[in-house]
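Using the sequences provided together with the hints, build the complete structure.
Read off the chains here:
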Amino acid sequence: MENPGYIALSRQMVLRRQMDLLANNLANLTTPGYRGESMLFVEHLKPTQPREKVAFVQDLATVRDLRAGPMSHTGNPLDLAIKGDGYFAVETPEGERYTRAGGFTLDPDGQIVTAKGFPLLNEGGAPITVPPDSGAVTVARDGTVSSDRGELGRVRLVGFGNEQALAKLAGGLYDAKDQEPLPLEQRDIQQGKLEGSNVAGIVEMTKLIGAVRSYQAAANMANQEHQRQRRAIDALAGVRG
Amino acid sequence: MKSLDIAATGMLAQQLNVEVISNNIANMNTTGYKRQRAEFQDLLYQEQRRVGSASSEAGTIVPAGIQLGLGVQPAAVYRIAEQGAMTITDNTYDLAINGKGFFTVELPSGETGYTRSGAFQLSADGDLVTPEGYLVQPGVTIPSDTIHVTINANGQVFAAIDGQVAPQQVGQIELATFANEAGLRAIGNNLLLETEASGSASVATPGADGFGSIEQGALEASNVNVVAEITNMITAQRAYEMNSKVIQASDEMMQSVTQLR
Chain A
1 MENPGYIALS
11 RQMVLRRQMD
21 LLANNLANLT
31 TPGYRGESML
41 FVEHLKPTQP
51 REKVAFVQDL
61 ATVRDLRAGP
71 MSHTGNPLDL
81 AIKGDGYFAV
91 ETPEGERYTR
101 AGGFTLDPDG
111 QIVTAKGFPL
121 LNEGGAPITV
131 PPDSGAVTVA
141 RDGTVSSDRG
151 ELGRVRLVGF
161 GNEQALAKLA
171 GGLYDAKDQE
181 PLPLEQRDIQ
191 QGKLEGSNVA
201 GIVEMTKLIG
211 AVRSYQAAAN
221 MANQEHQRQR
231 RAIDALAGVR
241 G
Chain B
1001 MKSLDIAATG
1011 MLAQQLNVEV
1021 ISNNIANMNT
1031 TGYKRQRAEF
1041 QDLLYQEQRR
1051 VGSASSEAGT
1061 IVPAGIQLGL
1071 GVQPAAVYRI
1081 AEQGAMTITD
1091 NTYDLAINGK
1101 GFFTVELPSG
1111 ETGYTRSGAF
1121 QLSADGDLVT
1131 PEGYLVQPGV
1141 TIPSDTIHVT
1151 INANGQVFAA
1161 IDGQVAPQQV
1171 GQIELATFAN
1181 EAGLRAIGNN
1191 LLLETEASGS
1201 ASVATPGADG
1211 FGSIEQGALE
1221 ASNVNVVAEI
1231 TNMITAQRAY
1241 EMNSKVIQAS
1251 DEMMQSVTQL
1261 R
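Respectively, the protein sequence lines represent chains A and B.
Note that the numbering used here gives residue 91 to position 91 of the first sequence, counting from 1, and the numbers run on in steps of one.
Note that the numbering used here gives residue 1027 to position 27 of the second sequence, counting from 1, and the numbers run on in steps of one.
Hints listed in this document are in silico derivations from the structure and should not be mistaken for laboratory results.
Please note that a few of the clues may not be correct.
Derived PhoX-like pairs: lysine-lysine, alpha-carbon spacing no greater than 20 Å straight-line [said to hold, decoys possible]: (1) B:Lys1245 x B:Lys1002; (2) A:Lys207 x B:Lys1100; (3) A:Lys193 x A:Lys83; (4) B:Lys1245 x A:Lys207.
Treat the numbers as computed from the prediction; the structure is a model and nothing was measured.
Given below as structure tokens:
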């Protein structure tokens, strides 16, 4: 008797969470290295009577869109973009973390760091230091950092067996959890460029319209169910309107 | 609804973005101006269903959990130290730096300021000063009976004095560089100050290893690329609009709830 209302409610609950997800994607429309997420909905079957089941909806997971974002030219020598697969490794107080956001700067000691001040790591797992009085820094496509003082180190790029299982942290960082980072054979680092967010505004807007309309449809259904029950009670109780 | 707050962070971020872009466009003709860029980062994530948690007794695990992000935040607004174009002015005391380095200026407060803008003039005493009248360091004084001044690529200042055959060296311009130029603090009037983040200044004559050289009679134009700024502004404006639509849509969803009865 109550199931239609609950089914509509299950739809509304997941739509609210999807709305949060869409809002986050759109808020990060210009965040370098950001990767859009979408929600994976599944049927959740519950038997009501023998040989009869009703299907609720459940949000099983958020799925990250792993396509590369558009490259934009910035002209900043320490803006690095990864063409193809891979992540930069950075050292944080909580341990090694990985990122696609390649907007680096120098710290007072000349180390190449992220905007939050976490050092970018080289192949040996140590920070890369640029001497204070050296000239322009160049980063080759294979990740070799050099200046007029010679080679300064090679940027570490890593891949993962299952990129979806990386946990997202604030600031464009990923936590590998239990996965071991794998060294990358194919590496192509572009200097002076930044990988933008791979969120397509138009797609998110259409999803947004869809979410609002579905929410309204579910609300409408809940309302009609409420009316139906009231009419049933009125009719069965024999009350004259 | 969280989406309201999330969209608000998005709108605030784009507002900052437009502010940075408008400052770049306003300074497109400012000598020695370095364009700035706002960089953004995603905010914290809320875990609704943890990645890798067990989904059954048979040991199967959740391959991708539910992580809901809470919006965006500005991470940094930094200067891009790309060389600006050289504009020939043929003015004796217009100096441009070709390469790395800053002119050193003594501020009235006694602090040392750094600038890329080499539009210098002479004071009443013949000292080399900025348009605000601040002294260039180390001081250069041009004798009053000078007929011609030459400043070479290494910053040596030669004065041809009336009645003398050989030009006389009257000063030496020096340049300062920093480990992290982006860490300098801008105080307006094309001036920058040293900070904890920039590291301390290392001073040398122009043309030394890692230092730029001096061009007399030229000015370094701002490195703002107007076409890029305008396209960035269009992107920022559209992103702003899309975030405002999210607020509208969340509002509509809440409205349909209140209409339920």
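A quick look at each hint next to the structure:
As the CA atoms of B:Lys1245 and B:Lys1002 are separated by approximately 15 Å, the hinted pair is consistent with the 20 Å bound. A distance of roughly 49 Å separates the Cα atoms of A:Lys207 and B:Lys1100; the hinted pair therefore is violated under the 20 Å criterion. Restraint check: the Cα-Cα separation between A:Lys193 and A:Lys83 comes to about 10 Å, which is no more than 20 Å; the hinted pair holds. With a C-alpha separation of about 12 Å, the suggested pairing of B:Lys1245 with A:Lys207 holds against the 20 Å cut-off.
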